[in-house]
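Undergrad: Letter by letter, the chains look like this.
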Amino acid sequence: MSKKSRSKSKPSAKSSASAAESSASQPAAEESNAEPESFWRARRQEITFLTVFILILGGGFTLISLNWVDSNVIAPFTGGVAKASGVALNLIGQDIEMQGTVIRNNRFAVNIMNGCNGVETMIIFLGAVLAFPASWKARGIGLVLGLIAIQFVNLIRVVALFLTGAYYPKFFDSSHTVVWQTIVILFGVVLWIFWANRYAAPKPALAD
Amino acid sequence: MAKSDKEKSWVWVFLGGILIWILPVAALWWYATPVYNMFLTNSAENLVRLTERPKVTRLLEHDKHHLVITRTDFATARGWLDSVRTTDVHFPLIMLGAFFLAVPGVSWKQRFENLGWAALISVFFHIFSLFFWVKFVYATQLGEWSAEHYTVFWQNFWGLGKHLIDLPFKLAMPLLLWTAFYFSKLVPNLKTT
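Chains as they are written, first to last, in this note's numbering: chain A, 1 to 208; chain B, 1 to 193.
Just so you know, these hints were derived from the structure itself, not from any lab.
Any given hint might turn out to be false.
Label-pair ranges, simulated between beta-carbon atoms [what the hints assert, rightly or not]:
1. B:G143 - A:G100: 23 to 29 Å
2. B:W12 - A:L145: 16 to 22 Å
3. A:L155 - B:G143: 33 to 39 Å
Stretch-level coverage of chain A by chain B, calculated; a stretch enters the list once three of its residues show a Cβ under 8 Å from a Cβ in chain B [to be verified]:
4. 148-158
5. 175-186
Even for Gly, the Cβ is constructed at its ideal location relative to N, Cα and C.
Build out the structure end to end from the sequences listed, making use of the hints.
TA: See the structure below:
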């Protein structure tokens, strides 16, 4: 992180924080003594966001790795994703048979496992929304709409991957990891920025 | 404080920029992947060997996208212990590049400088990620040998560490780095409600 970018970002960070943080009236000597404090103050929002985000990511993914959570929450959820994907594939004439989380037809078979259920993107989105400075109402709206939208995109991903495996098998590996994971994560990030812009933007200071 | 239409559109310009940059960055990443995989394989091998006595780990390139983990003191019928798709470790660089190049209102010099720092942090993260992969394989994937050489605590440590590095932090790394550099630019440019 260059000093240059930091000094550039300082005014904007300050403008979004309270005006009371301004130290314009401080004597020069005090200002230089107070520099470390103003560094943290000016970046308080970023540091808080990143800390909370990292804690939620670490905590969330540790939670879903516990055996009990995996077998009682994640596995049934993954089963639901597999069933929904099977229904969607049948709707487009793929003549699908379901065996647990395995989706199969006469051309291709795929097992929907952890990592294919959209939970990763949901936790990243959840972390970014909860860590962002916004009202609880805005966070609630963001989480409900965002998590539904992420699952919808994940459903498209599973259907597209099945079709890729069935008709263009040599592209399946790259599509499975690089292409669709990038698309789903990118969608989560764009959704978060859209949410922050539309629902969670900080209110302007009132002049009362 | 009302903002002008131009200021309000910062977020949309940024989102549009991501769409514009994603394909050129992906093409560059794809082109550089074989060389980068070779670099990561060698760097991760050196890091693993720093932590072992005697130095027995060899990481070998299997094909353009995979490395295989071998040990000189451990023979298997297939000749290697496990394989890792190296390309999967670093594909979030595509998002990182697009995010950092798409930021409006920042000079190109500054964009590339910040991208350079973020990419450098990512390189260390990728090497560290492969290191955790190898340790995870040793601690949990080699049956009796794993149980003999790693206690339950260390099996859980390397298992959970690999899980956290390989999923949440790998996938969230571009957003984490972008917000570390540009959060103070995003917040004032959001539409005021």
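Undergrad: Are any of the numbered hints broken by this structure? If so, which, sorted upward?
TA: Structure breaks hint 4 only.
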